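J.: Let the hints inform the model, and build the full structure from the sequences given.
The opening residue of the sequence shown carries number 94 in the working numbering; numbering runs sequentially from there.
None of these hints come from the bench; they were simulated from the model. As the structure is a computational prediction, the values presented were derived from the model and not from experiment. Even glycine gets a Cβ: it sits at the ideal position worked out from N, Cα and C. Among the hints, erroneous ones may be present.
As the list claims (entries may be wrong) - Simulated restraints on C-beta separations:
(1) Asp152 / Arg127: 33 to 43 Å
(2) Ala114 / Ala138: 22 to 32 Å
(3) Phe166 / Pro124: 15 to 25 Å
(4) Glu161 / Ile134: 14 to 24 Å
(5) Glu109 / Thr149: 20 to 30 Å
(6) Val111 / Asn154: 32 to 42 Å
Claimed, not checked - List of simulated lysine to any residue pairs, SDA-like, C-alpha gap at most 20 Å:
(7) Lys147 / Lys129
(8) Lys160 / Thr149
(9) Lys147 / Gly131
(10) Lys129 / Leu119
(11) Lys160 / Ser148
(12) Lys147 / Trp135
(13) Lys129 / His145
(14) Lys147 / Phe166
(15) Lys160 / Ser137
(16) Lys129 / Phe166
(17) Lys122 / Gly106
(18) Lys160 / Arg121
(19) Lys122 / Asp133
(20) Lys147 / Ile158
(21) Lys147 / Glu161
(22) Lys122 / Leu146
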Amino acid sequence: MRSNELKMRLDRGQIEVVDDAMAEVLRRKTPAERIKIGFDIWISAHQMLMTHLKSTHPDWNTEQIQKEVAGRFLHGAL
Numbered sequence: 094m095r096s097n098e099l100k101m102r103l104d105r106g107q108i109e110v111v112d113d114a115m116a117e118v119l120r121r122k123t124p125a126e127r128i129k130i131g132f133d134i135w136i137s138a139h140q141m142l143m144t145h146l147k148s149t150h151p152d153w154n155t156e157q158i159q160k161e162v163a164g165r166f167l168h169g170a171l
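T.: Right, dumping it as structure tokens:
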């Protein structure tokens, strides 16, 4: 895809455009497979955020970290 084509497909509220080939792969998945993919992505993001917060706030206990993770997930501030 050329740069000008990509710019035309993006808007301020859109983070990423799914490649046509990837869209076709996802269309072939069952609903259960798509849900599992989404859940696995959520688990991965949760683990990465936990690790990041532990690293940047070594003085925080587990409860503080979990509360911050929950707040960020609830309010979309990943």
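J.: Could you run down the list of hints and mark each one as holding or not?
T.: Checked hints:
1. Separation of aspartate 152 from arginine 127 is about 40 Å and conforms to the stated range, judged on CB atoms against 33 to 43 Å.
2. For the pair alanine 114 and alanine 138, the beta carbons lie near 24 Å from each other, so the given range of 22 to 32 Å is met.
3. The hinted range of 15 to 25 Å is satisfied by phenylalanine 166 and proline 124, whose Cβ atoms lie roughly 23 Å apart.
4. Our hint of 14 to 24 Å for glutamate 161 and isoleucine 134 holds, since their Cβ atoms are close to 20 Å apart.
5. A beta carbon spacing of about 25 Å between glutamate 109 and threonine 149 agrees with the range 20 to 30 Å that was offered as a hint.
6. For valine 111 and asparagine 154, the Cβ-Cβ distance of about 39 Å falls inside the hinted range of 32 to 42 Å, so the restraint holds.
7. The hinted pair formed by lysine 147 and lysine 129 fails the criterion: a straight-line CA distance of about 27 Å is larger than 20 Å.
8. For the proposed pair lysine 160 and threonine 149, the alpha carbon gap of about 15 Å is at most 20 Å, so the pair holds.
9. Restraint check for lysine 147 and glycine 131: the C-alpha separation of about 24 Å exceeds 20 Å, so the hint is violated.
10. Proximity of lysine 129 to leucine 119 is assessed by CA-CA distance (about 12 Å); at most 20 Å being required, the pair is judged to hold.
11. A hinted pair counts as satisfied when its Cα atoms are at most 20 Å apart, and lysine 160 with serine 148 qualifies at roughly 16 Å.
12. Straight-line distance between C-alpha atoms of lysine 147 and tryptophan 135 comes to about 18 Å, which keeps the hinted pair within the 20 Å bound.
13. Distance hint between lysine 129 and histidine 145 is unfulfilled; the C-alpha atoms sit about 24 Å from each other, more than 20 Å.
14. Using a Cα cut-off of 20 Å, the hinted pair lysine 147 and phenylalanine 166 holds, with the two alpha carbons roughly 16 Å apart.
15. Our distance criterion of 20 Å between C-alpha atoms is met by lysine 160 and serine 137, whose separation comes to about 17 Å.
16. Note on lysine 129 and phenylalanine 166: the hinted pairing holds, with a Cα-Cα distance of about 18 Å set against a maximum of 20 Å.
17. This hinted pair does not check out: lysine 122 and glycine 106 have alpha carbons roughly 26 Å apart, beyond 20 Å.
18. For the hint linking lysine 160 to arginine 121, the alpha-carbon distance of about 37 Å lies beyond 20 Å, and the restraint is violated.
19. A distance of roughly 15 Å separates the Cα atoms of lysine 122 and aspartate 133; the hinted pair therefore holds under the 20 Å criterion.
20. Restraint check for lysine 147 and isoleucine 158: satisfied, since their Cα atoms lie roughly 7 Å apart, inside the 20 Å limit.
21. Simply put, lysine 147 and glutamate 161 have alpha-carbon atoms about 11 Å apart, close enough for the 20 Å limit, and the pair holds.
22. A threshold of 20 Å between alpha carbons decides the hint, and for lysine 122 with leucine 146 the separation of about 34 Å lies outside it, so the pair is violated.
Checked against the numbered hints above, the structure violates hints 7, 9, 13, 17, 18 and 22; every other hint is satisfied.
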